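For the protein sequence lines, the chains are H and C, in the order given.
Per the working numbering, the very first residue in the first sequence carries number 1; after that it's consecutive.
Per the working numbering, the very first residue in the second sequence carries number 106; after that it's consecutive.
Since the hints were derived computationally from the structure, they do not count as laboratory data.
Treat the hints with caution; some may be incorrect.
Stated by the list, open to error - Computed beta-carbon distance windows for the label pairs:
id, chain 1, residue 1, chain 2, residue 2, range
1, C, Pro167, H, Arg19, 38 to 44 Å
2, H, Asp1, C, Lys245, 27 to 33 Å
3, C, Asp297, H, Leu20, 25 to 31 Å
4, C, Ser380, H, Gln8, 48 to 54 Å
5, C, Leu372, H, Gly17, 51 to 57 Å
6, H, Arg14, C, Asp297, 28 to 34 Å
7, C, Ser175, H, Arg69, 44 to 50 Å
As the list claims (entries may be wrong) - Derived DSSO-like pairs: lysine-lysine, alpha-carbon spacing no greater than 30 Å straight-line:
id, chain 1, residue 1, chain 2, residue 2
8, C, Lys377, C, Lys351
9, H, Lys89, C, Lys132
10, H, Lys89, H, Lys55
11, C, Lys199, C, Lys126
12, C, Lys248, H, Lys89
13, C, Lys248, C, Lys226
This structure is a prediction, so every number in the text was calculated from the model and none was measured.
Note that the Cβ used here is the ideal one computed from N, Cα and C, for glycine as well.
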Amino acid sequence: DGATWTNQSLSFARSVGDRLTVGEAMATGAKARKESRGAHYRIDYPDRDDAKFMKTTFVTYDADEGRARVEHRAVRAELVAPRARTYGKVDKEEPAKAETAAAGV
Amino acid sequence: MTVATTNGTAKGTGAPAQTRKVRFRIKRCDGPNKLVRWETFELTLAKGENVISCLQKIAANPVTTDGKRSTPVVWDCSCLEEVCGSCTMVINGKVRQSCSALIDVIAPGDGDTVTLEPMSKFPVIRDLWVDRSRMFDALKRVKAWVPIDGTYDLGAGPRERPEDQAVRYALSECMTCGCCLEACPQFELAEDESEWDQSFIGAQAISQARLFNLHETGARLKSDRLETLMGPDGVSECGNAQNCVKVCPKHIPLTESIAAVGRSTTLHAISKWFSGT
């Protein structure tokens, strides 16, 4: 964008530093989540692990160490019991998997 | 192995993808009160493109079909998944989001043309980029929020019945995209902020007012919201064209909201006559 008024490239350039900071925070949080959940899929941990990771990730910037710090906080789920998301598909060989996927298996 | 080429992506084992030529006729403008002009660009595309990916290609090499070197076309976008409402424009005469306008659907054949224009009911900043702040101002005027003391953690909010949640969820999907206002014959372009409270506020704000009136805590401001919508810019200006609900990309029951708010304002006016407040 070469315009001298409302130049979008200029405002984008200003935001790049902040985007890198947020990107680091997101990547650090994702690395700490050793399970697969929804859009977060890991080849090394392909199943959902409610026991360890049914939590919200909070990432703060630790100025002393100069990097992002991850903490996990509990999620309220008293109204709906967590169960496996199979999106209607049922694996005929493992019907039990559909119900137990949430139990940390 | 996927191979990316400069003319679109080739999927599969590196075999050349079938491409076609698509023309983009774009209404351009360098700023408010600047001359409007039409420019046509031609792209060679494979499958899987949307209007924004094509605008990016045009920006990379903005040469018109007359061979004239132009400037990159300017547009606004954010989420690229039809949830933010930033990329709304008029595509082949229909108002919709450009991120979800798939070229394979709107221009499937070789030599097809896609016409791009900015929305006509909002002030144009440049090219396809318009100023939608009037919609956010409308949300402020109808107090589209839940009034709480935000200085400390209040704990969980009020519980609601699943039937009520189903109604409110449908209304909550509004992304302030402007489609309903672009299509509405009663909603007019008003460049100056001072004109906004004299001109029809539109389906978007009326529906959002209803959303917050239906919330147990939000209902504390119901009176204020209804008073705002009883003004010269309010719900009585609706002409019942029903264009809004037809073009809403989130299928929000806008006409239901307008009818409900019309009823609420009537009851409010009657109760005011009796009680004075």
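ask   = Does Lys377 (chain C) pair with Lys351 (chain C) here, judged by a C-alpha cut-off of 30 Å?
value = Violated: Lys377 (chain C) and Lys351 (chain C) sit about 35 Å apart, past 30 Å.
Cβ distance range 38 to 44 Å for Pro167 (chain C) and Arg19 (chain H), holds or violated = Cβ of Pro167 (chain C) to Cβ of Arg19 (chain H): about 25 Å, so the range 38 to 44 Å is violated.
ask   = Falls inside 25 to 31 Å, the C-beta gap from Asp297 (chain C) to Leu20 (chain H)?
value = 40 Å, violated
query = Is Lys248 (chain C) within 30 Å of Lys226 (chain C), Cα to Cα?
reply = Measuring from Cα to Cα gives roughly 23 Å; hence the hint holds.
message = Does the beta carbon distance between Ser175 (chain C) and Arg69 (chain H) stay inside 44 to 50 Å, or does it fall outside?
response = 49 Å, holds
query = Taking 30 Å as the top limit, are the C-alpha atoms of Lys248 (chain C) and Lys89 (chain H) close enough?
reply = 44 Å, violated
task = Take the C-beta atom of Leu372 (chain C) and the C-beta atom of Gly17 (chain H), compute their distance, and say whether it sits inside 51 to 57 Å.
result = At roughly 53 Å between Cβ atoms, Gly17 (chain H) and Leu372 (chain C) fall inside 51 to 57 Å, so the hint holds.
query = Regarding the pair Lys89 (chain H) and Lys55 (chain H), is the alpha-carbon distance no greater than 30 Å?
reply = 26 Å, holds
ask   = Does Lys132 (chain C) lie within 30 Å of Lys89 (chain H) when you go C-alpha to C-alpha?
value = Violated, at about 47 Å.
task = Note whether the CB distance of Arg14 (chain H) and Asp297 (chain C) lies within 28 to 34 Å or breaks it.
result = 29 Å, holds
message = Lys199 (chain C) and Lys126 (chain C) were given as a pair; does the straight-line alpha-carbon distance stay at or below 30 Å?
response = Roughly 22 Å between the alpha carbons, so the hint for Lys199 (chain C) and Lys126 (chain C) holds.
task = Determine whether the Cβ-Cβ distance between Ser380 (chain C) and Gln8 (chain H) falls within the hinted range of 48 to 54 Å.
result = 53 Å, holds
Consistency with the previously given hints fails for numbers 1, 3, 8, 9, 12, ordered from lowest to highest.
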